[in-house]
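Each chain is listed here by its residues.
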Amino acid sequence: MATLSNIPAYEHDVLVIGGGAAGLRAAIAVAESHPSLSVAVLSKVYPMRSHTVSAEGGAAAVIKSNDSLDDHIDDTISGSDWLADQDAVEEFVQEATPELIQLERWGCPWSREPDGTVAVRPFGGMKIQRTWFAADKVGFHLLHTLFQTSLKLPSIKRYDEWFATTLLTDDGRCQGAAALELRSGTLAAIAAKAVILCTGGAGRVFPFTTNGAIKTGDGMALAYRAGVPLKDMEFVQYHPTGLPGTGILITEAARGEGGIMVNKDGYRYLQDYGMGPPDPWPRLRGMELGPRDKLSQAFVHEMRKGRTLKGPYGDFVHLDIRHLGEEKIDRKIPFVRELARRYVGIDPVRDPIPVRPVAHYMMGGVHTDKHGATTLPGLYAAGEAACVSINGANRLGSNSLTECLVFGTRAGKGAAAFALEHKRVNRPAAEARTRDEAQRLTRDLIQNDNGNERIATLRTEMTTAMEMGAGIYRDEGQLRRTCDELAALRERFSRIRLDDRTRGFNTELTGALELDFMLDVASTVAYSALARTESRGSHQRTDHPKRDDARFLKHTLAFRTGGEPRIEYLDVVITRWPAGERVYGR
Amino acid sequence: MADQTITLEIFRYRAEQDSEPTFQRYDVPYRDDWVVLDAINYIKDRLDGTLSYRWSCRMGVCGSCGMMINGVPKLSCAAFLKEYFPNPIRVEPLANFPVERDLVIVMDDFIEKLGHVKPWLIREDMPPLEQGEFRQTPAQLDVYKQFSMCINCMLCYAACPVYGLEPAFLGPAAIALAQRYNLDSRDQGNAQRQAVLTSEDGIWDCTLVGECTVVCPAHVDPAGAIQRAKVTATVNWYRDVLLPWGKR
Amino acid sequence: MSRPYYRPMPGTWWLTNRAYFLFMVRELTSVFIAIYLVLLLILINRIAAGPDAYRAYVTLLASPGMLAFHLIALAGALYHSITWFSLAPRGLAVRLGERRVPDAIIAGSNFAAWVVATLVIAWIVL
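So the sequence lines, in the order shown, correspond to chains A, B and C. Just so we're aligned, residue 25 is where the first sequence starts under this note's numbering, counting upward by one. Just so we're aligned, residue 67 is where the second sequence starts under this note's numbering, counting upward by one. Just so we're aligned, residue 418 is where the third sequence starts under this note's numbering, counting upward by one.
Because the hints were derived from the structure by calculation, they are not lab data. Errors might be hidden in some of the hints.
For lysine-lysine, the following DSSO-like pairs were computed, each having C-alpha atoms within a straight-line distance of at most 27 angstroms [what the hints assert, rightly or not]: (1) B:211 with A:356; (2) A:334 with B:148; (3) B:211 with A:176; (4) B:296 with A:176.
Can you build the whole structure from these sequences, using the hints too?
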């Protein structure tokens, strides 16, 4: 078929954008259930660089005889401060165990009990141990297992280091994406009958984050610009134990194995915030194994009381694992020791680790149903990029990797079924749209001469505004200032100037595209937070400190307009767990 | 303390405008907790947006940021400026790979070789998931665990003179990955991987220089993986020749 | 456009760092050992050729040049043996029950066996 001048075009049945746990799992699900379908995995980095790789602690699923599906569901729903959709959580928990066993069958090196069965460890907010682990590099092992397994399936075609810049839609359906091949700098049309967004979260809109460089909310922005709402964007999880300055993650598993958190007086301060008593310890769902939102909020209170320690990168507290002993540390959490020694120069066997809350995970994302389908036919989403929602207002640690697998599979199967029923894609329209997009990139970015703004300057100002207004505690005044700042940055973005005007492997261009996406995503966070005048889970308003189920037991939907996002609300699905009080400690 | 700087000499190559690479010098602020990656990010953000390089996690687990730093293959997120200060630091793309641009190498060959060793669990039977996990004791996990830690950073290929002289060599990481599966008690694919490992340009190209293990940031010991593969291959060869009726 | 740049390894690659240099020295010891082997074969041939031929060859072997060569070859053989035994644990992963036998023991037992064999041969010859 003839293509328009110099727009290369490719066609697949299913296009997966993002090559992390969710993306690879989705592609494998398509390839195994329908080997005749051609499935493409398109990622701006080689798949083994995906941010899944940095997850440390574990993945949750019911496996031990003292556990039950209802217990996992209950922990997840109360952990979510009742914003999770309960029908989705029920199905998620049911499918969690088979997914993790499937990973084991594919070779994932889960840590074991002496009798050879899979081992579990305690994790935050869970009343029974159900977190499967692989030392403290679970994400690394999970990702490499999935990537290596994907290599045996011939129907999976990979587009490594291709950057999707816009979705292609026609006839009310998503029909692929325009993507930049980094190597050549050429924009191509990738037509597909179904598209799955698995591009992860957007921690990089904040200045201190556990997230790597690539977490810029690309897929969220792609869906948003195609008319799909972003859901619950105001709910941003701060992980309580990141290293000051770099934000590097120190896994919750350090606390699961018995680590404690103390302020400058050596006092286990969490007992003052409803998570006590301090003993017995370790104890599930109490003290340092409370939910992440409450732990991060406790830090802010301690800081305001002047009880935190001060360092070159701001305030911090101590995570003390000395009492675990060297043998246990080297066996169960060796990576924690390595990271502490390398990046803060302390050996946690001898000294406590300086930690503070850092932005870590977006509970919000592309609005999907419990099968991964968005409101745009043919477009699916899974993983951190999506919001089903099973995490509601606060995610429990170790639910995220399992979520990638369960919903990656669901989205893959849904997309495959859609592709089988919708055989035609409009190639000429795809190519024409891609040609327009190529012109936009050249005109508005590469050759843009109407200004002098640097990417890094705008990016730093964005992250500063987000930290000020959309941090752990928010109020109307700060949020309004942040919204205005983001609008100003959006305007200044049109006057951006690139140093790099070449085509081949232009990472300044991709940096600009990522900033473009981040400004969209950041504004949905800020405006959604402004509209939610209550406090729930990780969204805390000092001017509205109480939870308000009557008005806000609903999901926030942010739709793109010409100016500020349009906010609507969607009821939470309640089945067997009426909204109650979150109780930890006792 | 406030205004100390350090110089980075960085390899530059852009196909569209350069026929030959050059080196460009940049002065960046010196901070004692900065790594080379921080300095490079500073250059790209503030001084020269045209510098291209790969990075992501900045904590030594994604394997993106391998570079030659003063001639030694390292992860730029794990090489601290204070190890070099006040001397200038020379930064080049990983050795033994073609250079796409600046500090970005072409890694197609590496990716192909990873796939070549069949790096997935091979089994004749796959019981239904309802039967639960395969049993594997901590001791059985320990047998292959080290070889499963590879982050695919390719520092070992940059350190291996055999790969530099003979690009067809399978290479340390690919062989270590093959061993990871060969030694996994759940795997039954040794025979299938043997052909690849003992082929021309397989394990026998290795002359045990040992630098791959020295530079590996994940303590995989690929040199060990290769030598053990040689022992296994030799034993298998003798067994197949002397006891052909025992072939499975 | 994509036009990768190739950086071929120079012939002097093994002079660029210490590890590569020591590796080449280790490999080059094989040359000396091969020459020694030839001299040994000639010795055997000379023994078969009769007492005069044997005595003439032994006189040749006692010359300063030959002594120097043999000293260098001995040093090379020692270096080769030491590096070889040190690397033995790389190829041998011996497990006793749950634990892996430490590298030091595998290397150590190789060295010990070498010393014992040397002593036995010395006793026989001397």
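Status of the hints after comparison with the structure:
| no. | hint | verdict |
| --- | --- | --- |
| 1 | B:211 with A:356 | 14 angstroms, holds |
| 2 | A:334 with B:148 | 23 angstroms, holds |
| 3 | B:211 with A:176 | 22 angstroms, holds |
| 4 | B:296 with A:176 | 25 angstroms, holds |
When held up to the earlier numbered hints, the structure conflicts with none and fits them all.
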